[in-house]
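Engineer: Single-letter residue listing:
Number of protein chains: 2
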Amino acid sequence: MYSGAQISLYPMTGDFVGIILGALSALDPYRERMQVETDDLSTLLVGPPEVLFAAMRDLFVAAARSGEHCVLHATLSRGCPGEPDDAICYTTEYGGPRQPLEERKAAALGSVSAAPVTSTSSAAQFSLYVMGTDDHMDEIYGCIDFLKQSGVFGGAKNFCTRLDGDAGAVFAAVEAALCRFGPPEGHVTIDLTVSANSPTRR
Amino acid sequence: MYSGAQISLYPMTGDFVGIILGALSALDPYRERMQVETDDLSTLLVGPPEVLFAAMRDLFVAAARSGEHCVLHATLSRGCPGEPDDAICYTTEYGGPRQPLEERKAAALGSVSAAPVTSTSSAAQFSLYVMGTDDHMDEIYGCIDFLKQSGVFGGAKNFCTRLDGDAGAVFAAVEAALCRFGPPEGHVTIDLTVSANSPTRR
Numbered sequence: 037m038y039s040g041a042q043i044s045l046y047p048m049t050g051d052f053v054g055i056i057l058g059a060l061s062a063l064d065p066y067r068e069r070m071q072v073e074t075d076d077l078s079t080l081l082v083g084p085p086e087v088l089f090a091a092m093r094d095l096f097v098a099a100a101r102s103g104e105h106c107v108l109h110a111t112l113s114r115g116c117p118g119e120p121d122d123a124i125c126y127t128t129e130y131g132g133p134r135q136p137l138e139e140r141k142a143a144a145l146g147s148v149s150a151a152p153v154t155s156t157s158s159a160a161q162f163s164l165y166v167m168g169t170d171d172h173m174d175e176i177y178g179c180i181d182f183l184k185q186s187g188v189f190g191g192a193k194n195f196c197t198r199l200d201g202d203a204g205a206v207f208a209a210v211e212a213a214l215c216r217f218g219p220p221e222g223h224v225t226i227d228l229t230v231s232a233n234s235p236t237r238r
Numbered sequence: 037m038y039s040g041a042q043i044s045l046y047p048m049t050g051d052f053v054g055i056i057l058g059a060l061s062a063l064d065p066y067r068e069r070m071q072v073e074t075d076d077l078s079t080l081l082v083g084p085p086e087v088l089f090a091a092m093r094d095l096f097v098a099a100a101r102s103g104e105h106c107v108l109h110a111t112l113s114r115g116c117p118g119e120p121d122d123a124i125c126y127t128t129e130y131g132g133p134r135q136p137l138e139e140r141k142a143a144a145l146g147s148v149s150a151a152p153v154t155s156t157s158s159a160a161q162f163s164l165y166v167m168g169t170d171d172h173m174d175e176i177y178g179c180i181d182f183l184k185q186s187g188v189f190g191g192a193k194n195f196c197t198r199l200d201g202d203a204g205a206v207f208a209a210v211e212a213a214l215c216r217f218g219p220p221e222g223h224v225t226i227d228l229t230v231s232a233n234s235p236t237r238r
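Line by line, the protein sequences give chains P and A. Residue numbers for the first sequence follow the working numbering, beginning at 37 and rising by one. Residue numbers for the second sequence follow the working numbering, beginning at 37 and rising by one.
Simulated from the structure, these hints should not be mistaken for laboratory data. This structure is a prediction, so every number in the text was calculated from the model and none was measured. Heads up, a few of these hints could be off.
As the list claims (entries may be wrong) - Straight-line Cα separation of at most 16 Å, EDC-like style, residue types lysine to aspartate or glutamate; simulated pairs: (1) Lys193/P x Glu119/A; (2) Lys193/P x Glu73/A; (3) Lys193/P x Asp181/P; (4) Lys184/P x Glu138/P; (5) Lys184/A x Glu138/A; (6) Lys184/A x Asp200/A; (7) Lys193/P x Asp75/A; (8) Lys193/A x Glu119/P; (9) Lys193/A x Asp75/P; (10) Lys193/A x Glu73/P; (11) Lys193/A x Asp76/P; (12) Lys184/P x Asp200/P; (13) Lys193/A x Asp181/A; (14) Lys193/P x Asp76/A.
To be verified - Which residues of chain P face chain A? A partial, calculated answer using Cβ under 10 Å: (15) Tyr38; (16) Asp51; (17) Leu80; (18) Ser113; (19) Ser163; (20) Ser231.
Unchecked claim - Reference listing, derived: stretches of chain P covered by chain A, where coverage requires no fewer than 3 residues with Cβ under 8 Å from a Cβ of chain A: (21) 70-79; (22) 104-110; (23) 116-124; (24) 193-201.
Ideal placement from N, C-alpha and C gives every residue a C-beta, glycine not left out.
The shape of chain P in the complex, shown without the other chains:
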């Protein structure tokens, strides 16, 4: 199954190019396990979710450590029928045959508990889209229920869910949303925004 993300990093400073270039080395440990392709709008990452999310997290944390207000946006997708399969995307994270919702929620909570601590505070919001099924709202409500128990739930917003907490747990929660909800072979996408160092108080 093809999986990947179009990611963009927005440091709100005149030295945005310097911060982006400085943070890019955070991707180096992952480059053998994913494809990377950059243009003027975003960087395409193609690989399995466990590599994509670790790479995005480390890139975000590296930029946030500048102390500047930085935002990472990602358009994530797995199982798009319009994309060819690719061996680099192989993963066992989708869990094979569809499991009961409660088991998937428990697995998702386990992933967040096991997430590394980055000591970087983050605020995030994301939307989960499950396509090609009649029961897409059941999956979304199941995911929201998991998020409410995850320790990083920041509240419901129109069209998305807010998360607040250490970047390690926040990225782990979004990864679990992509992997554990929606059919294992389904077309599932996420629209993700993660922010650090905002001068606006919540």
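Here the structure of chain P is known, so what remains is to put chain A in place on it, guided by the hints.
Structural biologist: Using the frame of chain P, we list chain A on its own:
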């Protein structure tokens, strides 16, 4: 049908707060026809698509005229089963009974031709998600076919479509994508990124 957007504006400069506050007056002509609610991550706009897109376009253009590299991101949604209906969202733009795809493509092309010229160059990418139907890829391919004829098609990318051109035509093309594709009463969302003044050459 409930419709709206979570929008964020990212000026890549130390004076990002000044540029955002300066651009906000561009929303004033639309405030009576939409709800506006801001937090530290995004601003919620609730209203019909013809108001949402005009407001987003004018906000983006106002920020881009600073000359700084600016990006607007929007998470757009219409018809989400989890949102209550709201009278402020009333519109006739979804076209009533489902029309044949060719008629909808022609209507979409007409909207782009009639778009105001802003004299602000923009580069955009967006993903259209149609939920709750088995034929979501037919709608997406129909939309891509319209975009290829729209005059602002900038190329296919993984997970999204690129647009390049005057911000007036670019926002009109994305509005047409939201309104003309997917069932009139369906749950349709868009993940949109629009950029101006990037120092990176395409």
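Engineer: Now tell me, hint by hint, if it's right for this structure.
Structural biologist: Right, here's what the structure says about each hint:
| no. | hint | in the structure |
| --- | --- | --- |
| 1 | Lys193/P x Glu119/A | 11 Å, holds |
| 2 | Lys193/P x Glu73/A | 11 Å, holds |
| 3 | Lys193/P x Asp181/P | 14 Å, holds |
| 4 | Lys184/P x Glu138/P | 14 Å, holds |
| 5 | Lys184/A x Glu138/A | 14 Å, holds |
| 6 | Lys184/A x Asp200/A | 12 Å, holds |
| 7 | Lys193/P x Asp75/A | 10 Å, holds |
| 8 | Lys193/A x Glu119/P | 11 Å, holds |
| 9 | Lys193/A x Asp75/P | 10 Å, holds |
| 10 | Lys193/A x Glu73/P | 11 Å, holds |
| 11 | Lys193/A x Asp76/P | 12 Å, holds |
| 12 | Lys184/P x Asp200/P | 12 Å, holds |
| 13 | Lys193/A x Asp181/A | 14 Å, holds |
| 14 | Lys193/P x Asp76/A | 12 Å, holds |
| 15 | Tyr38 | 8 Å, holds |
| 16 | Asp51 | 8 Å, holds |
| 17 | Leu80 | 5 Å, holds |
| 18 | Ser113 | 5 Å, holds |
| 19 | Ser163 | 6 Å, holds |
| 20 | Ser231 | 6 Å, holds |
| 21 | 70-79 | holds (count 4) |
| 22 | 104-110 | holds (count 3) |
| 23 | 116-124 | holds (count 4) |
| 24 | 193-201 | holds (count 5) |
The structure fails none of the hints (numbered hints given earlier).
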